[in-house]
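2 protein chains.
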Amino acid sequence: MASTEIEALVQQLARLPGLGPRSARRAVLHLMKKRESSFAPLLAALQTVSERLVTCGICGNIDTQDPCAICADPRRDARSLCVVEEVSDLWALDKSRLFPGKYHVLGGRLSALEGVRPQDLSIDALVARVAAGGIDEVVLAMNATLEGQTTAHYLAERLEGYPVRLTQLAHGLPVGGELDYLDEGTLAQALRARRPMG
Amino acid sequence: MASTEIEALVQQLARLPGLGPRSARRAVLHLMKKRESSFAPLLAALQTVSERLVTCGICGNIDTQDPCAICADPRRDARSLCVVEEVSDLWALDKSRLFPGKYHVLGGRLSALEGVRPQDLSIDALVARVAAGGIDEVVLAMNATLEGQTTAHYLAERLEGYPVRLTQLAHGLPVGGELDYLDEGTLAQALRARRPMG
Ligand SMILES: [Zn+2]
Ligand SMILES: [Zn+2]
Numbered sequence: 001m002a003s004t005e006i007e008a009l010v011q012q013l014a015r016l017p018g019l020g021p022r023s024a025r026r027a028v029l030h031l032m033k034k035r036e037s038s039f040a041p042l043l044a045a046l047q048t049v050s051e052r053l054v055t056c057g058i059c060g061n062i063d064t065q066d067p068c069a070i071c072a073d074p075r076r077d078a079r080s081l082c083v084v085e086e087v088s089d090l091w092a093l094d095k096s097r098l099f100p101g102k103y104h105v106l107g108g109r110l111s112a113l114e115g116v117r118p119q120d121l122s123i124d125a126l127v128a129r130v131a132a133g134g135i136d137e138v139v140l141a142m143n144a145t146l147e148g149q150t151t152a153h154y155l156a157e158r159l160e161g162y163p164v165r166l167t168q169l170a171h172g173l174p175v176g177g178e179l180d181y182l183d184e185g186t187l188a189q190a191l192r193a194r195r196p197m198g
Numbered sequence: 001m002a003s004t005e006i007e008a009l010v011q012q013l014a015r016l017p018g019l020g021p022r023s024a025r026r027a028v029l030h031l032m033k034k035r036e037s038s039f040a041p042l043l044a045a046l047q048t049v050s051e052r053l054v055t056c057g058i059c060g061n062i063d064t065q066d067p068c069a070i071c072a073d074p075r076r077d078a079r080s081l082c083v084v085e086e087v088s089d090l091w092a093l094d095k096s097r098l099f100p101g102k103y104h105v106l107g108g109r110l111s112a113l114e115g116v117r118p119q120d121l122s123i124d125a126l127v128a129r130v131a132a133g134g135i136d137e138v139v140l141a142m143n144a145t146l147e148g149q150t151t152a153h154y155l156a157e158r159l160e161g162y163p164v165r166l167t168q169l170a171h172g173l174p175v176g177g178e179l180d181y182l183d184e185g186t187l188a189q190a191l192r193a194r195r196p197m198g
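Here the protein sequences come in this chain order: A and B.
Per UniProt numbering, the first sequence runs over residues 1 to 198.
Per UniProt numbering, the second sequence runs over residues 1 to 198.
Certain hints may be false.
Claimed, not checked - Below, a list of computed lysine-lysine pairs in the DSS-like style, where the Cα atoms sit at most 27 Å apart:
1. A:95 with B:95
2. B:95 with A:33
3. A:95 with B:34
As the list claims (entries may be wrong) - With the C-beta cut set under 7 Å, the calculated list includes, among others, these residues of chain B facing chain A:
4. 8
5. 42
6. 156
7. 159
Hint data in this document are derived by calculation from the structure and do not stem from the laboratory.
Computed from a predicted structure; not experimentally measured.
Note that the Cβ used here is the ideal one computed from N, Cα and C, for glycine as well.
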């Protein structure tokens with residue numbers, strides 16, 4: 001029906017989460033019909049982000065600036081540090097605007113099954129940030145999965161002896177639940193009721 | 001939270017049909033995490049299509065080639081011509097693979113309310129295609145709206161006297177229904193039961 005280039009575009013879009021072949025086709029049609037008002041601005045926005053994408057050297061967030069917008073924001077409370085597994089978790093938490101501090105992205109979780117060891121995650125960098133001082137509280141906001149909780153306990157061991165309060169998100173997260181799939185209400189509750197690491 | 005460039009990209013994506021702010025954010029995160037396997041190919045596909053997008057000089061379809069893939073396809077039956085309001089209708093019909101002929105896109109429908117007159121649509125070009133000969137049947141596949149049906153009747157008048165059979169999609173389309181929102185089953189039934197223009 002359409003040319004191979006357009007079919008290729010539909011297929012690329014259909015691979016995005018939340019889009020299937022049908023909605024991808026509708027999206028492409030929409031873009032083609034609104035070349036000036038939709039296609040051009042979307043393409044420009046993608047190009048800009050694609051060119052400038054960097055991993056923040058401080059926290060591991062992905063952004064178009066290094067340090068990232070959060071690390072560079074003087075209004076954020078540098079004494080409170082929230083450790084998350086993935087960038088998507090950081091975004092999910094930060095979207096709720098409930099956490100006023102800064103973040104640290106591990107880049108995964110410890111997993112015997114997948115062979116992910118401590119040195120594969122950004123753990124030494126986390127310890128170094130804490131060792132550098134100025135941090136009062138470290139929130140271990142791992143997923144409520146076995147691997148997430150294993151990672152939290154490992155981090156608690158590694159941070160033992162530093163003058164920081166270790167907390168974790170309240171239980172009440174659905175078992176097996178992944179942070180970035182939760183609604184803001186659940187996240188808010190879990191964050192409000194965060195408790196000292198046991 | 002994220003830089004203004006990333007927020008701008010989320011907003012552009014959120015305007016696509018089928019995506020909202022939430023899924024747009026997830027899509028952007030997905031792209032940022034899969035730079036090589038998702039972001040780069042999507043950007044390349046968008047660029048290619050953006051650069052090559054043309055309106056077919058014969059039928060009014062939007063494609064990356066002129067004549068479009070359908071007009072250029074010698075296996076399609078040139079004696080059967082299906083007239084649609086919009087490119088999206090052409091795609092919806094053609095996706096069903098039920099119509100073996102060629103198309104003509106009007107670029108809208110007559111509307112007193114919106115001030116759309118015959119000269120605003122690709123009607124002279126349609127008459128010229130029919131006048132040039134070689135066409136046996138013209139399917140007037142307008143939407144089942146008041147304006148769509150008004151347009152169909154106007155086209156029937158304009159094509160009077162030419163040796164072509166005028167048909168329209170079977171009633172049975174939901175009243176007020178727009179072609180490109182219908183499932184393939186409904187489209188198939190309407191196309192199979194198409195009948196002479198009354
Ligand atoms: Zn950062
Ligand atoms: Zn064409």
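Open item on the list: Please list, smallest to largest, the hint numbers that this structure does not respect.
Closed with: Violated hints: 1, 6 and 7; rest satisfied.
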